[in-house]
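Chemist: Model the full assembly from the supplied sequences, consistent with the hints where possible.
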Amino acid sequence: LDPEGKDVVAESICYAWMGQQVRDVLVPFYTKCGRKKDLFLTTMVQWSKATNSHHVVLMGGFEASRSSNTICVDAQGRIIHWGLEFCAATGFTAKEVLGLSLVDDIIAPSASQLLAQTLGQALQGPSVHELVLPILAKCGVKKWFTVHVDRDCVYSDASGATL
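Here the numbering used here runs 16 ahead of the position in the sequence shown, where the first position is 1.
It should be emphasised that the hints constitute simulated quantities derived from the structure, not laboratory data.
Hints are not guaranteed to be accurate.
Said to hold, decoys possible - Simulated crosslink set (BS3-like; lysine-lysine; CA at most 27 angstroms straight-line): (1) K159 - K111; (2) K48 - K111; (3) K22 - K52; (4) K111 - K154; (5) K158 - K111; (6) K48 - K22; (7) K22 - K111; (8) K22 - K53.
Stated by the list, open to error - Label-pair ranges, simulated between beta-carbon atoms: (9) D18 - Q129: 43 to 49 angstroms; (10) L74 - C49: 21 to 27 angstroms; (11) D54 - W160: 28 to 34 angstroms; (12) P19 - A105: 35 to 41 angstroms.
Ideal Cβ positions, reconstructed from N, Cα and C, are used throughout, including at glycine.
Modeler: Written as structure tokens, this is what we have:
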């Protein structure tokens with residue numbers, strides 16, 4: 017990161033410690049060969065049972081991996097990106113769903129087990145699955161979406177999956 021990028025990341029971490037989730041902070045990132053890539057980061061605070069303390073976690077992906085019709089989740093199934101098309105279709109803003117469990121909080125209960133299994137399989141093996149899932153809109157109505165689960169779309173460390 018360059019000095020400006022370090023300042024942006026430091027500010028995001030400070031907001032996370034104050035309890036504010038900061039999503040899609042644009043940070044210039046430089047590869048080993050010196051090429052600049054835009055990196056989007058989301059910060060959140062997580063509790064670690066192992067160390068009995070809180071930690072700030074940075075999650076994200078490169079610009080090309082984010083689109084308006086994409087939901088990104090981390091390896092635990094928490095939402096870290098909520099595309100604009102999902103905002104429009106469900107009535108939820110990205111801020112409202114960031115950090116929620118896609119399986120437990122957003123998907124209709126009838127499909128939760130199927131999605132949990134599919135996400136687990138995608139992170140371990142085959143990269144793409146197609147499902148038709150009911151996502152609960154803010155008003156409580158089920159809206160049906162055809163989703164593609166792809167583990168290779170977003171994260172260089174393969175810790176997340178993209179819908």
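Chemist: Does each hint fit the structure? Answer for all of them.
Modeler: Results for each hint:
Between K159 and K111, the direct Cα distance comes to roughly 20 angstroms. Compliance with the 27 angstroms bound is thereby established for this hinted pair. A threshold of 27 angstroms between alpha carbons decides the hint, and for K48 with K111 the separation of about 33 angstroms lies outside it, so the pair is violated. Taking the CA atoms of K22 and K52, the gap is near 15 angstroms; set against the 27 angstroms cutoff, the hint holds. Among the hinted pairs, K111 with K154 is consistent with the structure: their alpha-carbon atoms are about 13 angstroms apart, no more than 27 angstroms.
The straight-line distance between the Cα atoms of K158 and K111 is roughly 20 angstroms, inside the 27 angstroms bound, and the hint therefore holds. With a C-alpha separation of about 17 angstroms, the suggested pairing of K48 with K22 holds against the 27 angstroms cut-off. The hinted pair formed by K22 and K111 meets the criterion: a straight-line CA distance of about 23 angstroms does not exceed 27 angstroms. Taking the CA atoms of K22 and K53, the gap is near 15 angstroms; set against the 27 angstroms cutoff, the hint holds.
A hinted range of 43 to 49 angstroms for the beta carbons of D18 and Q129 is consistent with their spacing of about 45 angstroms. Checked against the given bound of 21 to 27 angstroms, the beta carbons of L74 and C49, roughly 23 angstroms apart, stay inside it. A hinted range of 28 to 34 angstroms for the beta carbons of D54 and W160 is consistent with their spacing of about 33 angstroms. The hint said 35 to 41 angstroms for the Cβ distance between P19 and A105, and at roughly 40 angstroms that hint holds.
The structure is inconsistent with hint 2 alone, although it conforms to all the rest.
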